[in-house]
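As you go down the protein sequences, you meet chains A and B in turn.
For the first sequence, counting from 1, position 84 maps to 95 in the working numbering; every step adds exactly one.
For the second sequence, counting from 1, position 17 maps to 518 in the working numbering; every step adds exactly one.
Calculated from the structure, these hints are not laboratory results.
Every residue, glycine too, gets a C-beta built ideally from N, C-alpha and C.
Any given hint could be a false lead.
[Unchecked claim] Among the chain A residues that face chain B by a calculated CB cut under 8 Å, a handful are:
no. : residue
1   : GLN82
2   : ILE168
3   : PHE240
4   : LEU250
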Amino acid sequence: MNLRALLAISALSVPFGWANAQSSLTDPSSPSPTAPAAQRWAMAGLLAPWVELWGDRFQGMEAARMLNTIQRGDALRAGLAWYDPGQRRHDWAWFAKRFDADKNGLIGKKELKAAPELFASLDRDRDGAITEADFDWSDKSPWVRQNGISLRLFRMIDKNGNGKISESEMGEYFKKLAGEKEFVDPDNLRDALLLAMAQESPKGKSRAKKVADEVWMKSLFEGDLGSPFDGPALGQKALDFTLATQDGKARMTLSRLHEDKPVVLIFGSFT
Amino acid sequence: MAVYVREAHAVDGAFSGNNENAGIVVKQPRNLFDRTEVAKACSAKLEITMPLVVDTIDDRVGHAYSGMPDRLYVIDQQGTIAYKSGRGPFGFKPGELEQSLIGVLLEQSSSSQIEKVQK
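Whenever a hint applies, use it, and build me the whole structure from the sequences.
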């Protein structure tokens with residue numbers, strides 16, 4: 012077994028290594044992730060040439076793939092880079108097994124037996140039945156692409172970006188489409204849709220040079236773009252923590268929250 | 502519950518033109534107080550009504566959950582991960598989360614008749 016293989020194996024065995032599963036992440040006695048994170052990046056650096064060599068066949072450390080992408084100068088966008096699909100217990104197979112009584116590949120309203128709002132939510136494409144297609148969130152899904160086009164059109168009209176198109180914003184857009192005329196004709200509308208569709212896939216694999224490579228590297232290592240850890244996997248226990256709210260009025264403990272109902276965690280920042 | 506983590510595109514990091522246009526010019530906070538101030542501004546501007554907690558400045562929860570720059574999880578009543586989104590921004594899919602959450606709620610219901618579900 013050569014040195015690289017040994018390092019690769021040891022890299023994969025430092026997932027949660029630094030966090031004690033029994034105690035809370037935010038206990039003062041719990042270790043800080045700063046040093047282990049730096050270790051993970053060092054290991055990713057050692058694995059990165061293998062990512063380069065193996066390309067898509069490299070199934071190992073995500074951090075190594077991230078580092079390789081940044082080093083190569085590749086663009087960061089859907090379909091490229093490291094944006095893996097989500098993992099879930101309640102996929103189409105789960106729903107079909109539980110609700111598709113007649114096994115015809117369709118779950119109808121009667122088969123779901125739940126509140127109509129839930130059916131409407133799950134029947135994403137509004138074709139009257141919940142099907143496997145309704146569970147496809149990849150970029151290949153027609154629904155996902157259509158949703159993307161619709162969102163881009165929405166953002167073109169929602170000038171103040173608050174997620175709501177006001178009557179005046181719609182009026183402004185009308186004037187923009189109509190130009191000097193007092194009406195919008197079929198060509199105007201078609202061109203607007205084409206514009207929303209055209210922005211779908213920028214060409215080329217390389218990053219635009221707006222941000223220097225060193226800045227991307229620094230952002231990567233400091234954790235702005237992503238953590239070198241993998242996080243808990245599907246089916247694993249969620250590590251507990253206690254953090255203060257932004258208004259300072261409360262401290263929330265995760266384990267208390269999921270005692271009586273499921274918890275959604277949303278990680279993010281302003282920028 | 503929202504967990505506020507490191508800035509993805511701080512002005513002293515990989516600064517983004519989109520943020521500049523929207524007037525969101527933020528330096529990477531170096532202490533918890535500063536991060537909390539940014540989190541407050543974010544919460545106000547985006548009209549966030551759910552609880553928003555602020556991660557420690559050494560990014561403990563962010564690293565444990567690999568939450569940077571953004572990510573979604575559903576944790577069921579047994580404290581187990583029922584859904585983990587891909588890494589954001591492109592793995593961040595609220596629609597996929599919603600389906601998973603419905604699945605968790607349907608799984609937990611004692612009978613398959615749910616009359617009203619509070620989202």
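Now the hints, each set against the structure:
no. : hint   : result
1   : GLN82  : 15 Å, violated
2   : ILE168 : 16 Å, violated
3   : PHE240 : 5 Å, holds
4   : LEU250 : 5 Å, holds
Checked against the numbered hints above, the structure violates hints 1 and 2; every other hint is satisfied.
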